[in-house]
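Enquirer: Line by line, the protein sequences are chains A and B. When you line the first sequence up against this note's numbering, it's residues 1 to 385, in that order. When you line the second sequence up against this note's numbering, it's residues 1001 to 1161, in that order.
Fair warning: there could be bad hints in the mix.
[To be verified] Take a look, some chain A residues computed to stay more than 10 Å from chain B by CB distance: (1) Arg294; (2) Arg301; (3) Gly306.
[Said to hold, decoys possible] Each computed BS3-like pair below joins lysine-lysine, with the alpha-carbon atoms no more than 25 Å apart: (4) Lys158(A) / Lys222(A); (5) Lys289(A) / Lys1047(B); (6) Lys1122(B) / Lys1010(B); (7) Lys1149(B) / Lys1052(B); (8) Lys324(A) / Lys381(A); (9) Lys26(A) / Lys1152(B); (10) Lys1139(B) / Lys370(A); (11) Lys1140(B) / Lys1152(B); (12) Lys341(A) / Lys323(A); (13) Lys26(A) / Lys1150(B); (14) Lys26(A) / Lys9(A); (15) Lys341(A) / Lys1140(B); (16) Lys288(A) / Lys1152(B); (17) Lys1150(B) / Lys370(A); (18) Lys1036(B) / Lys1010(B); (19) Lys370(A) / Lys1052(B); (20) Lys1052(B) / Lys288(A); (21) Lys1092(B) / Lys1139(B); (22) Lys179(A) / Lys191(A); (23) Lys370(A) / Lys1039(B); (24) Lys26(A) / Lys221(A); (25) Lys289(A) / Lys1010(B); (26) Lys340(A) / Lys381(A); (27) Lys1031(B) / Lys289(A); (28) Lys249(A) / Lys155(A); (29) Lys1047(B) / Lys1036(B); (30) Lys1142(B) / Lys289(A); (31) Lys323(A) / Lys339(A); (32) Lys370(A) / Lys1152(B); (33) Lys191(A) / Lys155(A); (34) Lys381(A) / Lys341(A); (35) Lys1142(B) / Lys1052(B).
What the hints contain is simulated information worked out from the structure, not anything from laboratory work. All residues carry an ideal CB built from backbone N, CA and C; glycine is no exception.
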Amino acid sequence: MDIAEKVEKLKPSGIRLFFDLVLNMKDVISLGVGEPDFVTPWRIREKAIFSLEQGYTSYTSNKGMIELRKIICQHLHKRYGLQYDPEEETLITVGVSEGLDLAVRTILNPGERVLIHDPSYVSYPAVVDLAGGEPVLLPTRIEDHFKLSVEQIEKGCKKGARALMINYPCNPTGASYTKKELKQIARIADKYDLIVLSDEVYDELTYDFDHTPFSSLPGMKKRVIYLNGFSKAFAMTGFRLGYACGPAKLIAGMTKIHQYTMLCASITSQMAAIEALRGGFNDVVEMKKEYMRRRRFVVSRLNEIGLDCHMPEGAFYVFPSIKKFSRNSIEFATDLLNKKKVALVPGVAFGESTEGYVRISYASSYENLKEALLRIESYLKPNLH
Amino acid sequence: MNEILEVLSKNARLTPDEISKLTGQSANAVKAAIKKYEKDGVIVQYKTVINKELIDENPNFVRALIEVSITPQKDVGFDYIAERIYSFPEVKSCYLMSGSYDLLVEVEGENIQTVSNFIASKLSPMSHVRGTATHFLLKKYKEDGHILKKGKQRQRLNISY
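Hey, can you work out the whole structure from these sequences and the hints?
Expert: Right, here's the structure in full:
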């Protein structure tokens, strides 16, 4: 039986085999995980359990529980000075993944182009393809710490672009932007009338400067869809809960698709999320401290053993070059896995331009990181020329 | 708390080199700071948290929390009496409390008799001690931030985007 052409054409390809290999191997030390190693803080889990005991098991409004939307808007105001209306400008989604898909489908007409930094989170080009748009990949370089330059965005705009998808701090590179750098991008967005889909799910994990939401920049709110969620800050990946804030018209469009395809996010997750925003920030602070230490440790060890990398500004990933050792990141990762039982993600999984890199996640205990790096070191030594 | 102390309080086995990598300070600075903390008594001891319930070499081992009421004497504050109490090696911890009694004393012993004897022959007869109330511990669930029950392995996928 044939499936639709655009689905047929979707990646992934070679990378799937590598993933299967990892998932089927026992006793692997994994630095390949894209989620926190902390379990959701107990007060949040306890609230979810209690809500089930209380009988909260129904649908909620399509946009999500109004209590949750209100507390999200209060949080965004308190933390970043953002002004979003919980009724008209906020939508609760099933993770940021759904929010991205909804946003893209809401804004794109067939053939319209979307600028995406390369590497990017795997779903970015895919959701644009599925929406009938055309992803335009803008390669970023290690010398620039994997940040987009104003020039390349402008160049992309000149060929015609409807939107820019930007993720900072970035999965897989850990790159983020200062307010000053964002302002320069904002100028281009204004000049070329771009819609900016800003995925800020790692905002709480910004280490060297304060995170600045794109929509907080002067004049930007009207052209930005702000996407965030609970997975990374509160270690709630399995709850699948995110939110989108933006201009009422765009949010209304996204809500239309959401109501037909998802109806609403799980009520249990929404109850848990309310608790997260009410009282979960102490845990966030503790987790962030721990990630910061691991980041320093991993970057310093990687450079010590010959894998060149920069100090990423956020998230929990390091993105070192393996070019001294191999030209093919899937081969490199497969060989390392087979010989030393250490798993990491080949860079090519996140885009063609980052062949020659790997993503290392430090969302893993210190003991694991230490052992994994020793194993990588012993793997690389005989290969050092 | 200072970052060196914070990482050590979680894992006392870290070497100065490892602490240097975790905190971004030089290994020499870390070594010097630790030396000073030890000298000043900020770092008291490096210990291991052990769940004694899993060691069955002494099944009669007991712990008790004892509330001690004291009549403070002129010129002899609580500190003096506390010192007389906590100097016994049987006493594992000793705190001055607000509320309906004065000292909370944790005592460990080979069996219930050892602990009872200690209270009857040493603690209660001590001058200034007005009375004691002893609570024997039945089970430890969590100690000093550590849950003693071994948790289940989390079911996180070994690889994900």
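Enquirer: The structure should be examined with respect to each hint, and the outcome stated for every one.
Expert: Here's how the hints hold up against the structure:
no.: 1; hint: Arg294; verdict: 8 Å, violated
no.: 2; hint: Arg301; verdict: 7 Å, violated
no.: 3; hint: Gly306; verdict: 16 Å, holds
no.: 4; hint: Lys158(A) / Lys222(A); verdict: 22 Å, holds
no.: 5; hint: Lys289(A) / Lys1047(B); verdict: 23 Å, holds
no.: 6; hint: Lys1122(B) / Lys1010(B); verdict: 36 Å, violated
no.: 7; hint: Lys1149(B) / Lys1052(B); verdict: 12 Å, holds
no.: 8; hint: Lys324(A) / Lys381(A); verdict: 12 Å, holds
no.: 9; hint: Lys26(A) / Lys1152(B); verdict: 17 Å, holds
no.: 10; hint: Lys1139(B) / Lys370(A); verdict: 35 Å, violated
no.: 11; hint: Lys1140(B) / Lys1152(B); verdict: 18 Å, holds
no.: 12; hint: Lys341(A) / Lys323(A); verdict: 21 Å, holds
no.: 13; hint: Lys26(A) / Lys1150(B); verdict: 21 Å, holds
no.: 14; hint: Lys26(A) / Lys9(A); verdict: 32 Å, violated
no.: 15; hint: Lys341(A) / Lys1140(B); verdict: 37 Å, violated
no.: 16; hint: Lys288(A) / Lys1152(B); verdict: 24 Å, holds
no.: 17; hint: Lys1150(B) / Lys370(A); verdict: 22 Å, holds
no.: 18; hint: Lys1036(B) / Lys1010(B); verdict: 19 Å, holds
no.: 19; hint: Lys370(A) / Lys1052(B); verdict: 29 Å, violated
no.: 20; hint: Lys1052(B) / Lys288(A); verdict: 33 Å, violated
no.: 21; hint: Lys1092(B) / Lys1139(B); verdict: 17 Å, holds
no.: 22; hint: Lys179(A) / Lys191(A); verdict: 18 Å, holds
no.: 23; hint: Lys370(A) / Lys1039(B); verdict: 30 Å, violated
no.: 24; hint: Lys26(A) / Lys221(A); verdict: 48 Å, violated
no.: 25; hint: Lys289(A) / Lys1010(B); verdict: 13 Å, holds
no.: 26; hint: Lys340(A) / Lys381(A); verdict: 13 Å, holds
no.: 27; hint: Lys1031(B) / Lys289(A); verdict: 22 Å, holds
no.: 28; hint: Lys249(A) / Lys155(A); verdict: 29 Å, violated
no.: 29; hint: Lys1047(B) / Lys1036(B); verdict: 19 Å, holds
no.: 30; hint: Lys1142(B) / Lys289(A); verdict: 23 Å, holds
no.: 31; hint: Lys323(A) / Lys339(A); verdict: 19 Å, holds
no.: 32; hint: Lys370(A) / Lys1152(B); verdict: 22 Å, holds
no.: 33; hint: Lys191(A) / Lys155(A); verdict: 12 Å, holds
no.: 34; hint: Lys381(A) / Lys341(A); verdict: 16 Å, holds
no.: 35; hint: Lys1142(B) / Lys1052(B); verdict: 12 Å, holds
When the structure is compared with the earlier hints, violations turn up for hints 1, 2, 6, 10, 14, 15, 19, 20, 23, 24, 28 and for no others.
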